[in-house]
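Let the hints inform the model, and build the full structure from the sequences given.
If you read the sequence shown in the numbering used here, its first letter stands for residue 17, the second for the next number, and so on.
It should be emphasised that the hints constitute simulated quantities derived from the structure, not laboratory data.
Any given hint might turn out to be false.
[Stated by the list, open to error] Quick list of in silico lysine-lysine cross-link-like pairs, BS3-like style, CA-CA up to 27 angstroms:
1) Lys142 x Lys197
2) Lys371 x Lys319
3) Lys249 x Lys230
4) Lys157 x Lys230
5) Lys157 x Lys319
6) Lys202 x Lys249
7) Lys319 x Lys230
8) Lys161 x Lys268
9) Lys202 x Lys230
10) Lys101 x Lys157
11) Lys157 x Lys142
12) Lys254 x Lys161
13) Lys375 x Lys161
14) Lys319 x Lys268
15) Lys157 x Lys254
16) Lys161 x Lys230
17) Lys91 x Lys375
18) Lys202 x Lys157
19) Lys230 x Lys101
20) Lys142 x Lys101
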Amino acid sequence: MSTYIPSPCILRPCMTLVAVICFLIGHRVDADDRDADAAPGQPASIHVDLSQDWPWWRGSTHDGIASPDQHVPLKWSETENIIWKTNLPGRGHGSPIVVGDQVVVTAADHQRNLQSVLCFDRSTGKQLWETIVHEGGLDVKGNEKSSMASAAAACDGDRYFVNFHNGDAVYMTALDRQGKKLWQQKLSNYVNHQGFGASPLLYRNLVIGVSDNKGGGAIVAMNRATGEVVWNKSRPAKANYSSPVIFNVGGKEQLFLTGCDLVTSLNPATGDTFWEIEGATTECVTTTVTDGHRIFTSGGYPKNHVAAVAVDGSGTIAWENPTRAYVPSLLTRDGYLFAVMDSGIAMCWQSDTGKEVWKGRLSGTFSSSPVLFNDLIYATNEEG
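Here's what the structure looks like:
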């Protein structure tokens, strides 16, 4: 078998301005019209084009892998392959999402003392609307690399869902496609440590939010249309920042969350625990990925950690190592696991054994998660 080695590229950051929109608008389809096995863990009744949109954190398949139907430039400059760019107010580290003709980002504007959702035209970059979600409540100290708008939005085609830490609590808010507020639900109180960054997750008729924190957080599933709480699962009183993810592995759909010194698998429909083992580390930022046989977890405090855990609930750890992949999430495909570490080291391991395949240094330090497109990895460093 030949060694699969994508070429690393550097993409401009979207932290303070939307610089490059590479995903072209395609024919709209409904997720319920797909083969249910085509993309494991996808929710039903999601009216987005999974081949052309980027509707939630880490893309349509929740793993940072872009559809091969996309059209992505290999090089760009201030004048080449830039379709449009626009300034954003305040500060926000949440990834943009793209649905239909709309690009949506969250922002925390300390000058105006508000947290908001902004929507731009996908083709022109023209601002279509801004909805103020919270006024006040931004005077919270966290890590210098965090912001009060560090989670990505999610969209089911009809509504946008956003999570904000505001004051002493975390809230989820639903908006329609024109920016009108539909409902708001408190997930839990929040004792701040480094910040907050867990993005919403869609599953069937539910939207799921996580609020891990030192005061004791929760995983909360709400009805997407009404905000009514369907189930609520308490979490340990430990700081953690990971977003949940759902994959259809081990013969069933499982909701995975790592951190708080645990690797946790839940039934996403009920919140019941399938299995849970001690593992990972206390503070994780990354979102779990899978190769179908193992899930891959990583964290960075108080210990450095990358591990492969069997998806069958046996607690089997196939391999682990002390690599510090703390903030950028991992990628996996075709028997390989890839990491772009905070320090700027890129690595590749065999996903079944953990054997190192290659290792190299990139320019700068990294906080954003890489994206895999065909045989290329796009990684954004902190300097752009």
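Each hint tested on the structure:
no.: 1; hint: Lys142 x Lys197; result: holds, 21 angstroms
no.: 2; hint: Lys371 x Lys319; result: holds, 21 angstroms
no.: 3; hint: Lys249 x Lys230; result: holds, 16 angstroms
no.: 4; hint: Lys157 x Lys230; result: holds, 15 angstroms
no.: 5; hint: Lys157 x Lys319; result: holds, 23 angstroms
no.: 6; hint: Lys202 x Lys249; result: holds, 14 angstroms
no.: 7; hint: Lys319 x Lys230; result: holds, 18 angstroms
no.: 8; hint: Lys161 x Lys268; result: violated, 37 angstroms
no.: 9; hint: Lys202 x Lys230; result: holds, 17 angstroms
no.: 10; hint: Lys101 x Lys157; result: violated, 30 angstroms
no.: 11; hint: Lys157 x Lys142; result: violated, 33 angstroms
no.: 12; hint: Lys254 x Lys161; result: holds, 20 angstroms
no.: 13; hint: Lys375 x Lys161; result: holds, 26 angstroms
no.: 14; hint: Lys319 x Lys268; result: violated, 31 angstroms
no.: 15; hint: Lys157 x Lys254; result: holds, 17 angstroms
no.: 16; hint: Lys161 x Lys230; result: holds, 19 angstroms
no.: 17; hint: Lys91 x Lys375; result: holds, 23 angstroms
no.: 18; hint: Lys202 x Lys157; result: holds, 21 angstroms
no.: 19; hint: Lys230 x Lys101; result: violated, 39 angstroms
no.: 20; hint: Lys142 x Lys101; result: holds, 9 angstroms
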